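According to the numbering used here, the residues represented by the sequence shown are 1 to 349, in order.
Quick caveat, the hints were computed from the structure, so don't treat them as lab data. Everything numeric in this text was worked out from a predicted model, so none of it was measured.
Quick list of simulated restraints, FRET-style, between CB atoms:
#1 LEU46 <-> GLN282: 52 to 60 Å
#2 TYR92 <-> LYS164: 27 to 35 Å
#3 LYS234 <-> GLN317: 15 to 23 Å
#4 ILE54 <-> PRO236: 53 to 61 Å
#5 HIS139 <-> GLY225: 22 to 30 Å
#6 GLU192 <-> GLU253: 18 to 26 Å
#7 PRO236 <-> LEU51: 53 to 61 Å
#8 THR151 <-> GLN277: 19 to 27 Å
#9 LEU83 <-> PRO236: 52 to 60 Å
#10 THR314 <-> LEU31: 38 to 46 Å
#11 PRO323 <-> LEU83: 54 to 62 Å
#12 LEU83 <-> ASP118: 50 to 58 Å
#13 THR238 <-> GLY343: 22 to 30 Å
Where a beta carbon is used, it is the ideal one built from N, C-alpha and C, also for glycine.
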Amino acid sequence: MNHIGKTEFLKALGIGICHSLFSLSVIVSSLWLCMALWIQEPFGWLISRILIGIWLAFALSILGIYATQHFFSRKKDVLIYLLGFLCSLFWYFSLEAKQDREWAPEVSKILHYEKHGDIITLHNIRNFDWHPDGSFTEHWETRQYDLNQITGVNIITSYWMGPKIAHTLVSFDFAHNAPLTFSIEIRKEKNEEFSAIGGFFRKYELSLVASDEKDIVYTRSNIRGEQVYFFPVKMPKTEQIALFEEYLHQADELARQPKWYNTLTSNCTTLVFDMVQAVSPQKLPMDYRLFASGYLPNYLYDLNAISHQWNLHTWYQRAHVNPKVSGMKNISSAEYSRLIRRGLPQPKN
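Let the sequences and hints guide you as you build the complete structure.
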């Protein structure tokens with residue numbers, strides 16, 4: 001290949017790469033925008049879908065411009081596309097999380113507290129009575145805790161969509177109080193259903209629920225039929241207290257400024273990891289199992305946060321909550337908490 005031929009080849013290759021990258025960016029940006037419009041419906045169901053159709057037709061025309069290499073003769077269309085997408089980004093990122101929606105009863109109240117030294121008074125602790133048909137009797141409580149009386153921390157994983165995805169809860173044991181469980185969840189509106197895809201597109205606000213174990217774990221193991229596992233974790237006393245206080249800080253932040261839930265980056269597992277990282281003297285490694293949350297116990301086992309007296313297979317067998325409480329309806333909170341811990345070792349922190 002002579003010098004001129006090589007130059008022409010490199011030029012054509014460069015143009016081809018630019019075409020491919022631009023086409024890919026058009027495809028990805030159009031899919032993102034269409035999904036955002038589909039989920040958010042900013043102009044109502046019908047008009048939003050008409051806009052999706054118009055945008056897709058325009059995006060296809062832009063791809064056609066590049067396919068026929070008429071870019072320089074149709075720069076105006078490309079600039080219109082870029083301007084339109086920038087405007088859509090401005091619209092999307094200007095969406096504000098709110099506190100004043102018609103919330104579902106189970107997330108209707110905001111957790112708040114008073115702190116006097118090591119004594120914490122928590123308000124709006126959820127303690128619903130759940131019925132077999134999924135209905136409930138609403139009941140909110142105020143409880144007082146002494147941080148020095150924390151005796152243990154437990155990770156609870158509830159599987160609702162196969163082995164890779166689980167909801168993560170954190171339960172604190174106390175010497176003279178019933179256990180308290182924290183759960184980071186979507187804050188659903190009335191008659192709203194969860195959508196993992198919607199969670200990527202600012203569909204739901206974030207909620208921090210503090211609850212009695214009988215309420216928030218029982219709903220999953222005995223009402224919804226999710227597969228629930230209970231793992232005591234090893235953590236020094238100072239870190240246990242610091243983690244509890246991190247949850248209080250989360251409550252403060254959400255009370256001051258509502259936040260969006262995000263299926264990937266701001267969910268029940270990643271936010272727990274952030275809080276544990278904040279109180280841990282050692283940097284915890286990032287791992288795909290923080291996103292494939294069903295494997296979180298495996299990650300904790302590898303970090304030696306779960307006792308190695310059993311292998312993981314045995315742990316999953318012993319930690320399985322459902323066989324321990326199957327069929328139990330009129331069970332007390334204290335008895336439920338006792339049963340889900342039955343046969344599990346208390347870690348030496």
